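Colleague: Please build the complete structure, drawing on both the sequences and the hints.
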Amino acid sequence: MDGSMEFTMGLSEGVAWPWPIAVYLFLAGISGGALVVALAIRFFKGQTANTPLYKAAALISFVTISLGMLCLVLDLTNPLFFWRILVFYNFTSVMSLGVIALCAYIPLTAVLCLYAFEDEIKAIPALSILLPVIKLLKPIRRPLEILTLILAVSVCAYTGFLISALIRFPLINTAVLPALFIASGVSAGAAASKMVSVLVFKEDIHSSELKLLHGAEWPIMIAEILFIVMIAMSLATGNEGAQSAFAAFTSGVWANLFWVGVVGVGFLGPILVNFFTGKTFSHSAKAFYLSGVCVISGMMCLRLFILYAGQTYAI
Amino acid sequence: MSENIERRRFLKGIGAASLIMGPMGCTSVKEDSNNANKPHYVMVFDQNKCTGCGECKQACNAANNLPEGVSKCLMEHQSGGVEGQACPHCGKEECNCERKFVRVSCQQCKNAPCVTVCPTGAAHKDPETGIVTMDDSKCAGCKYCIGACPYNARFINENTDVADNCDFCLTSKLAKGELPACVQQCKYDALVFGDSNDPNSYVNKLLAVKDSVRMKPQFGTEPSLRYIPVVKLGV
Ligand code: SF4
Ligand code: SF4
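Sequence order for the protein chains is A and B.
Going by the numbering used here, the first residue of the first sequence is number 1, and it counts up by one from there.
Going by the numbering used here, the first residue of the second sequence is number 1001, and it counts up by one from there.
Among the hints, a few may not be true.
The following residues of chain A were derived to be distant from chain B, with all beta-carbon distances above 12 Å [said to hold, decoys possible]: (1) Gly46; (2) Asn90; (3) Leu131; (4) Leu149; (5) Ser154; (6) Met195; (7) Phe227; (8) Ile271.
Dumping the calculated SDA-like pairs for lysine to any residue here, alpha-carbon to alpha-carbon at most 20 Å [claimed, not checked]: (9) B:Lys1138 with A:Pro79; (10) B:Lys1216 with A:Ile167; (11) B:Lys1216 with A:Gly241; (12) B:Lys1216 with A:Ser244; (13) B:Lys1138 with A:Thr312; (14) B:Lys1216 with A:Ser4; (15) B:Lys1092 with B:Gly1052; (16) B:Lys1049 with A:Ser4; (17) B:Lys1216 with A:Thr312; (18) B:Lys1138 with A:Thr77; (19) B:Lys1187 with B:Asp1135; (20) B:Lys1049 with B:Leu1170; (21) B:Lys1049 with A:Glu6; (22) B:Lys1138 with A:Leu80; (23) B:Lys1138 with A:Phe88; (24) B:Lys1216 with A:Ala285; (25) B:Lys1110 with A:Ala165; (26) B:Lys1138 with A:Met9; (27) A:Lys202 with A:Ala285; (28) B:Lys1125 with A:Thr92; (29) B:Lys1138 with A:Val99; (30) B:Lys1216 with A:Ala242; (31) B:Lys1216 with A:Gly10; (32) B:Lys1110 with A:Thr92; (33) B:Lys1038 with B:Gly1130; (34) B:Lys1216 with A:Phe88; (35) B:Lys1138 with A:Leu76; (36) B:Lys1216 with A:Glu6; (37) B:Lys1138 with A:Ser96; (38) B:Lys1216 with A:Met9.
It should be emphasised that the hints constitute simulated quantities derived from the structure, not laboratory data.
Bear in mind that the values here come from a model prediction, so they are computed numbers and not experimental data.
We put the beta carbon where it would ideally sit given N, CA and C, even for glycine.
Modeller: Shown next, in the form of structure tokens:
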């Protein structure tokens, strides 16, 4: 008998979470991803100096997560109520857990910036008030970096868990979403840090660190593609609601965004630039930036697609 | 072998426990009866009786001071002619389809996703009645609950800038010992409200004799709103 009656209307119109949330998911992914790659390389190679990649990642993660917070706050129905999220907690809520992680993560990205730019800060007299802080924090640099690495992964993952908890939307309510968000966050974060390290901090495009990153990019991209295929397959072969949500991939404006933005720009773009152009071009600075921009735009499209197409195809 | 030993030990354990628990019976009995008395408020919507007059909605808006154009409950017109409107089922202005309406409102889930996801605890269950309601002073307006509600039964109240849902008039009518405004207003007895844990309540008796359904049971939210559908073939 259950199910012999339905209603199709709802009390709220449009999507509950509009584009600023997609931008936030994008920025948080880049922030976490940038630190994951920089810190992983740092630990892996046993570095102690402030490399260009480390500086770039520290700067990017701090700036992007701060902008992301701005998006989050501005998307509240009344931004002046944002303090309530900081004061009241509910431990069954992924958002609440995310707030706890962010409360530690955001100050830590700032601390990493202090470590990374110690020399620069010393050179600017106006910033000398920061020097005692740096001195105080220096002895615990390693433990703080390890903690930051853990939190960076958590931030990437939590953005996935945050929205996968929305049971009404088959495209969003999948177990692989957090994994997909970690993978795409890491690849976009890596691309962003690579570009900034070359552009701003004068890293050599062919340095050993960037080579290592180039090598890691492709497996991550393959993982991303696999996760997307998993989601699509589980929808295509799932129950009625899931099958109707599969239309997100095949028709409408969001399908275009997916095929052009995510697949075309995000996946095929870098592959074409790196493997199907002449050696001189594919090793040039132009190709380097072009493929980086492709990866980052692809990730933004992916977040927009998941959020909008996901909320459009409700059960 | 070991299973037998386990069982024997288990039985012995029960014996010992009952010896110890026996004298404490009074306290535990008291607690049990307290639990049994905990109400479970349900609302029954009878589609056979609803004419779609919409007065329940008006009464709700008045009782809960809702701003223009905002409602805690809606009537979805599913089939049958209404003067000047095409039938949503067959598309014709004049048709023989049965007139059918259905109430759209918060389903008062026992296992409520909106309560689980709310980061501040603003969307919560009233501890006395178990009714899902709002603590406006805690809501940050993040709209997580709106996305999480499988019934799309939540909205932002423009008066307060925070999320809202039908809470059976918990603070407006129930607090005064009255029935929810919509139930009071319905002339056709299409809405019935009461405590399904009370064996003598009318809802209890009604649910015992009528076949009722719950919306989207596959979500496992265990709604407290029951619907008695029109069961006729053809439409
Ligand atoms: S119907 Fe929606 S708003 Fe009402 S209790 Fe269930 S999840 Fe919450
Ligand atoms: S909008 Fe308010 S009630 Fe809803 S989840 Fe956010 S804080 Fe909780």
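Colleague: Now tell me, hint by hint, if it's right for this structure.
Modeller: The hints, checked one at a time:
1. Consistency note on A:Gly46: stated as away from chain B, and its beta-carbon is indeed over 12 Å from all of that chain's, at 40 Å minimum.
2. Non-interface call for A:Asn90 relative to chain B: violated, since the shortest CB-CB distance, roughly 4 Å, does not exceed 12 Å.
3. Chain B leaves A:Leu131 outside its interface by the beta-carbon criterion, the shortest separation being 37 Å against a cut-off of 12 Å.
4. Distance check for A:Leu149 against chain B: the nearest CB is about 25 Å away, which clears 12 Å, and the non-interface claim stands.
5. A cut-off of 12 Å between C-beta atoms confirms that A:Ser154 is not in contact with chain B; the least separation is 16 Å.
6. At roughly 33 Å, the least C-beta separation between A:Met195 and chain B is larger than 12 Å, which holds for a residue marked as non-interface.
7. At the 12 Å boundary, the C-beta of A:Phe227 stays outside the reach of chain B, the nearest C-beta of that chain being 22 Å off.
8. Look at A:Ile271: its CB is around 35 Å from the nearest CB on chain B, clear of 12 Å, so calling it non-interface holds up.
9. Between the alpha carbons of B:Lys1138 and A:Pro79 the distance comes to roughly 13 Å, so the proposed pair stays at or under 20 Å and holds.
10. Annotation: proposed proximity of B:Lys1216 to A:Ile167 holds, straight-line Cα distance about 12 Å (limit 20 Å).
11. Between B:Lys1216 and A:Gly241 the alpha-carbon distance is near 11 Å, which keeps this suggested pair within the 20 Å criterion.
12. For the suggested pair B:Lys1216 and A:Ser244, the alpha carbons sit about 16 Å apart, so the restraint of at most 20 Å is met.
13. The suggested pairing of B:Lys1138 with A:Thr312 is violated, with an alpha-carbon distance near 29 Å, which exceeds 20 Å.
14. Restraint check for B:Lys1216 and A:Ser4: satisfied, since their Cα atoms lie roughly 9 Å apart, inside the 20 Å limit.
15. Proximity of B:Lys1092 to B:Gly1052 is assessed by CA-CA distance (about 18 Å); at most 20 Å being required, the pair is judged to hold.
16. A hinted pair counts as satisfied when its Cα atoms are at most 20 Å apart, and B:Lys1049 with A:Ser4 qualifies at roughly 17 Å.
17. At roughly 18 Å between alpha-carbon atoms, B:Lys1216 and A:Thr312 fall within 20 Å of each other, so this suggested pair holds.
18. Pair hint B:Lys1138 plus A:Thr77 holds up; C-alpha atoms about 13 Å apart against a cutoff of 20 Å.
19. For the proposed pair B:Lys1187 and B:Asp1135, the alpha carbon gap of about 32 Å is over 20 Å, so the pair is violated.
20. Using a Cα cut-off of 20 Å, the hinted pair B:Lys1049 and B:Leu1170 is violated, with the two alpha carbons roughly 25 Å apart.
21. As the CA atoms of B:Lys1049 and A:Glu6 are separated by approximately 17 Å, the hinted pair is consistent with the 20 Å bound.
22. About 12 Å separates the Cα atoms of B:Lys1138 and A:Leu80, which keeps this hinted pair within 20 Å; it holds.
23. A distance of roughly 7 Å separates the Cα atoms of B:Lys1138 and A:Phe88; the hinted pair therefore holds under the 20 Å criterion.
24. Among the hinted pairs, B:Lys1216 with A:Ala285 is inconsistent with the structure: their alpha-carbon atoms are about 55 Å apart, more than 20 Å.
25. Distance restraint check for B:Lys1110 and A:Ala165: the Cα-Cα separation of roughly 18 Å lies within the 20 Å cut-off, and the hinted pair is therefore satisfied.
26. With a CA separation close to 28 Å, the supplied pair B:Lys1138 and A:Met9 exceeds the 20 Å bound.
27. At roughly 12 Å between alpha-carbon atoms, A:Lys202 and A:Ala285 fall within 20 Å of each other, so this suggested pair holds.
28. The straight-line distance between the Cα atoms of B:Lys1125 and A:Thr92 is roughly 14 Å, inside the 20 Å bound, and the hint therefore holds.
29. Of the pairs offered as hints, the one joining B:Lys1138 and A:Val99 holds, with about 15 Å between alpha carbons and a cut-off of 20 Å not exceeded.
30. Note on B:Lys1216 and A:Ala242: the hinted pairing holds, with a Cα-Cα distance of about 15 Å set against a maximum of 20 Å.
31. Distance hint between B:Lys1216 and A:Gly10 is fulfilled; the C-alpha atoms sit about 14 Å from each other, no more than 20 Å.
32. As the CA atoms of B:Lys1110 and A:Thr92 are separated by approximately 16 Å, the hinted pair is consistent with the 20 Å bound.
33. Of the pairs offered as hints, the one joining B:Lys1038 and B:Gly1130 holds, with about 8 Å between alpha carbons and a cut-off of 20 Å not exceeded.
34. The straight-line distance between the Cα atoms of B:Lys1216 and A:Phe88 is roughly 31 Å, outside the 20 Å bound, and the hint therefore fails.
35. For the hint linking B:Lys1138 to A:Leu76, the alpha-carbon distance of about 13 Å falls within 20 Å, and the restraint holds.
36. In summary, the hint linking B:Lys1216 to A:Glu6 is supported, as the alpha carbons are separated by about 7 Å, within the 20 Å threshold.
37. Simply put, B:Lys1138 and A:Ser96 have alpha-carbon atoms about 13 Å apart, close enough for the 20 Å limit, and the pair holds.
38. A threshold of 20 Å between alpha carbons decides the hint, and for B:Lys1216 with A:Met9 the separation of about 13 Å falls inside it, so the pair holds.
Hints 2, 13, 19, 20, 24, 26 and 34, counting from the list given before, are not met by this structure.
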